[in-house]
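The whole structure should be built from the sequences, with the hints applied where relevant.
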Amino acid sequence: MRDRGIILAGLAVFLGLITFPAWYNLARGATSKGPELKLPATEKQCVAPTLYMRRSHMELLVNWREQVVREGNRTYRTPDGRIYPVSLTGACLVRCHIVKADFCDRCHSYAAVKGPYCWDCHVDPKLVRRNAP
Amino acid sequence: MKITRTGFFRLTGLATLAQAGRKLRAAAAPKRWAMVVDAQKCLRDRGCTKCLQACHRAHNVPQFRERNHQIAWIWKEPFERAFPSQRSAYTAETFKDKPVLVLCNHCDNPPCVRVCPTRATWKRADGLVMMDWHRCIGCRYCVAACPYGSRSFNWVDPRPRIAELNADFPTRTQGVVEKCTFCEERLARGQAPACVEACPDKALVFGNLADPASEVRKLLRGRYSIRRKPELGTQPQVFYIV
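Protein sequence lines, in the order shown, are assigned to chains S and C. Under our numbering, the first residue of the first sequence is numbered 1, with each subsequent residue one higher. Under our numbering, the first residue of the second sequence is numbered 134, with each subsequent residue one higher.
Simulated from the structure, these hints should not be mistaken for laboratory data. It cannot be assumed that every hint is accurate.
[Said to hold, decoys possible] Taking beta-carbon pairs under 8 Å as the criterion, some of the chain S residues facing chain C (in silico):
#	residue
1	90
2	91
3	121
4	128
Every residue, glycine too, gets a C-beta built ideally from N, C-alpha and C.
Spelled out as structure tokens, the structure:
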């Protein structure tokens, strides 16, 4: 039992290390509540139910992309009859989520989603207006 | 109104059916987009680049000074290079060495479409040779296949070289091929292509070849026209009145 001190100290260091993420988050004030999103002021309902959008917005956007580019169909009728142009920058970002950083980016950075690469090509209209002379 | 999951899918299905119906109706009234370039009118003002500027601004086309990086949807080519079969020692002075406006010919038998391994480029029912930049893998088969040099490849990131970003149109990324799309996004809104609209001399005429009463058909009926490299059998749909 001469090594009791060393063993206990080692155990303490080990426990400290593996529980470090929990302590770190506690100290930083991070919670499991999720990111706080700024919801659009004017519209109450997205083009699809919130739950569907939260889970499958990427699929909807991919479908929209196929619809416009390959089929040339540029209007979307929501299940409750509202009509939107099928456009990421021309509808989503202009009508509702005007500040991309307050909506898209907040959730993506919380979930550590790398990308998406939409913005490598599509232009955030807000950025263009800010850069305009 | 509460939307259930089933209801959502049902309505989406109905919308798809409605879309199919609309397509059927469109098939009944055929369309074949084409352009007629009045080369003599265009030559009148040698310095005019309004159409090139309008196109490149509308589509976020980057401007590179390095020749091997250059990207163009529409540009000017010396007559004898645009129409090599018309070349002779006695080419008319009016055309010899004069710049002619060239762009994608939206061929009826497009070789670029045949070689694309991902169907990132394809011919639409209305004759447009479209591009899906999402799908382009940058293999450049189409660049090699196009006998008109209408396709440009982005060797480097084009964004920093775009003078004035247009938020209504995407840019491209490095490793993607691009070309003229006959302003398909403007056609969808019922507008004429940007170059046609920008031409002060109305030297560019755009219209539906399938409609005998259209302006392009009237022009082609009344005037003699030539096409670029017709001997290759690509059936280009940009006509030049000479």
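So which of the earlier hints does this model not fit? 2
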